[in-house]
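The listed protein sequences derive, respectively, from chains A and B. In terms of the numbering used here, the first sequence opens at residue 153 and continues consecutively. In terms of the numbering used here, the second sequence opens at residue 5 and continues consecutively.
Treat the hints as calculated values from the structure; they're not laboratory data. Some hints could be false.
[As the list claims (entries may be wrong)] Here are the simulated SDA-like cross-link-like pairs (lysine to any residue), alpha carbons at most 20 Å apart as the crow flies: (1) Lys-255(B) to Arg-296(A); (2) Lys-276(B) to Val-303(A); (3) Lys-276(B) to Gly-319(A); (4) Lys-276(B) to Pro-294(A); (5) Lys-276(B) to Leu-353(A); (6) Lys-276(B) to Thr-291(A); (7) Lys-276(B) to Ala-286(A); (8) Lys-255(B) to Lys-234(A); (9) Lys-255(B) to Ala-295(A); (10) Lys-234(A) to Gln-283(B); (11) Lys-276(B) to Gln-194(A); (12) Lys-255(B) to Pro-294(A); (13) Lys-255(B) to Thr-291(A).
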Amino acid sequence: MKRHIAAVALLVCVLALPAAARAQGRGMQFTVGGVGAQQTVQSHVDQVTDRFTGLLLGAEGSLVSDRFVVRLRYGEGRINPKAGSSAAARDVVEGEALFGLRAVPWLTLWVGPSARAYTTGDGDQRWLIWTGRATARGTLLPARMQTFVEVWGAFSGNVGTPPLKAGGRGAYGGLEARLGEASAWWGRLGYRIESPHAAGLRETVESLTLSLLYGLPQ
Amino acid sequence: MNRLFAVGLTASALLVPTLARAQSATALLDQGVRAYSVREYDGGAWLLRRALAVEGPNALGTIDAARALMYLTATEVARNQRDSALAAARRLIVLDPRYRPDAQTFPPQVIAVYQEARRSAPSVSIRAFGDTAIRPGSDAFVVRLGATTAPEVTATVTGADGRVVRTLFNGTIRDSVDLRWNGLDGSGNAPPDGRYAIVVTPRRSSGTTGGAGGSWTLRLPLELARPAVDTTPLPAAPPDSLFRPERGDTKGAMRALVPGIVAGVAIVVLPKVVASGEQASNARLIVGGTVTIAGIAAFLAHHPGQRLPGNEQYNRNLREQYERNAAEIARRNADRVRQGKMIIRPGAPSLVTRDTP
């Protein structure tokens with residue numbers, strides 16, 4: 153199943169590249185890239201806390217015009233319980249689809265859903281959170297190095313079946329550097345933390361991310 | 005009756021010269037011929053000269069001009085102006101070397117003057133085919149040189165100052181030869197608008213060619229003009245506001261430092277806000293610390309007096325891009341001007357000989 157999803161994601165990326173190139177010809181810019189994330193998860197169910205760690209791989213892309221941005225991200229992997237925990241390992245799939253408005257050159261406001269699902273011994277648990285976000289960017293070295301910080305809060309959301317009302321907050325920050333003089337490739341080191349919650353449930357997910365991007369991140 | 009007509013004709017021509025100027029050359033020619041026929045030679049000479057002086061689209065054609073010059077020759081003979089008669093006859097021979105006056109129309113002394121002019125005039129004529137529009141370098145303006153002998157001549161296009169713009173012909177004329185000028189000077193460039201001339205002279209080695217004793221110049225005036233061509237204005241140079249500082253300053257250094265410090269601290273602190281009560285991992289310290297160090301490094305790279313190679317390169321690219329754009333637009337403009345048509349308007353040819361009065 154996971155391989156099937158990965159293949160579909162790869163196919164979508166390949167098919168999207170020509171469209172993105174055409175968009176660039178019309179004065180729009182695009183960014184595509186791959187991301188690896190080392191995740192640390194603290195999963196609370198009532199008073200029980202399980203800790204997991206594992207690696208996720210994925211892809212992301214964005215399409216940027218003068219005022220608007222669309223951003224997609226997808227990742228999947230497996231997280232394993234830390235020593236001493238009796239919980240089972242989880243297969244994790246997560247993603248987000250965001251629409252952004254570039255309010256000022258250094259600030260973008262976003263809205264869109266963020267989803268995270270994993271399998272447990274008892275079945276699947278799916279989190280779907282509608283978020284509002286703000287991303288601030290600062291330039292350290294023009295056209296060579298920049299930093300960013302993003303914070304988000306939930307408008308609404310649900311988890312499980314039957315669905316429980318869910319909420320949450322999160323943040324993401326890091327450093328982006330151009331890989332070589334006048335290169336189109338950028339590297340990103342980031343830290344992401346998300347903490348969705350519902351009645352009796354809380355998932356705190358921390359990710360140390362390393363990304364390779366083609367195109368100026370915006 | 006004829007005298008009354010002639011007096012009236014002369015008076016009207018003298019008193020209302022503007023009206024006469026407004027008349028067509030053909031009408032002036034007819035009136036001049038009529039004046040000659042009624043022996044009103046002074047008025048006739050004036051009218052014929054007026055007819056020959058008309059330029060542009062109303063000017064006399066070759067046949068009418070030859071007729072006008074022949075009657076002018078006859079009129080000047082009748083007025084006992086022998087030099088003027090010879091000059092008119094020479095103009096006629098230049099215009100049309102094959103012209104032969106009608107012995108039934110003109111008295112023997114007029115025919116004799118014509119023959120004398122013919123003996124003393126060079127046997128070369130030049131003829132243009134009216135106003136011509138050409139694309140310099142692609143099309144050609146054509147004039148025809150004619151000769152009843154086989155003189156060796158040189159034909160050049162010269163400027164108003166006498167400078168040779170282009171040599172068109174250097175050789176022997178056998179009957180006739182078409183000179184083709186493509187509108188370019190000897191260097192391959194289109195000369196500026198203005199007055200030029202095609203000048204034909206005997207070659208030094210054949211100085212005795214023709215019947216004028218070897219010293220003559222045949223001249224066809226030309227006027228060059230180009231209609232206005234739409235060109236693209238050159239772009240303005242990039243304003244100073246677009247250039248980045250090439251040396252670090254305190255302001256730039258702080259601008260580099262603040263985002264790094266703020267983002268680094270935020271990354272370390274935000275987990276406390278987002279997930280209070282949770283024990284955050286050390287990943288935030290790795291990333292937050294890296295961002296902070298990068299901010300400090302950027303600050304040092306921007307410290308006052310420090311060269312900023314990135315900004316230098318950016319400014320260089322900006323200047324080069326502007327210069328490339330300006331050069332490209334200038335090249336396109338030059339192409340448009342070059343491809344624009346040049347209008348060449350020939351005037352009346354003239355002949356200068358050593359014994360021209």
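How the hints compare with the structure:
1. Lys-255(B) to Arg-296(A): holds, 19 Å
2. Lys-276(B) to Val-303(A): holds, 13 Å
3. Lys-276(B) to Gly-319(A): holds, 17 Å
4. Lys-276(B) to Pro-294(A): Distance of about 31 Å is beyond 20 Å: violated.
5. Lys-276(B) to Leu-353(A): Holds - the C-alpha atoms of Leu-353(A) and Lys-276(B) are around 19 Å apart, at most 20 Å.
6. Lys-276(B) to Thr-291(A): violated, 26 Å
7. Lys-276(B) to Ala-286(A): With Cα atoms ~18 Å apart, Lys-276(B) and Ala-286(A) stay inside 20 Å; holds.
8. Lys-255(B) to Lys-234(A): violated, 48 Å
9. Lys-255(B) to Ala-295(A): holds, 18 Å
10. Lys-234(A) to Gln-283(B): Between Lys-234(A) and Gln-283(B) the Cα gap is close to 15 Å, so the pair holds against 20 Å.
11. Lys-276(B) to Gln-194(A): holds, 15 Å
12. Lys-255(B) to Pro-294(A): holds, 14 Å
13. Lys-255(B) to Thr-291(A): holds, 13 Å
Violated hints, in rising order: 4, 6, 8; the structure is consistent with all others.
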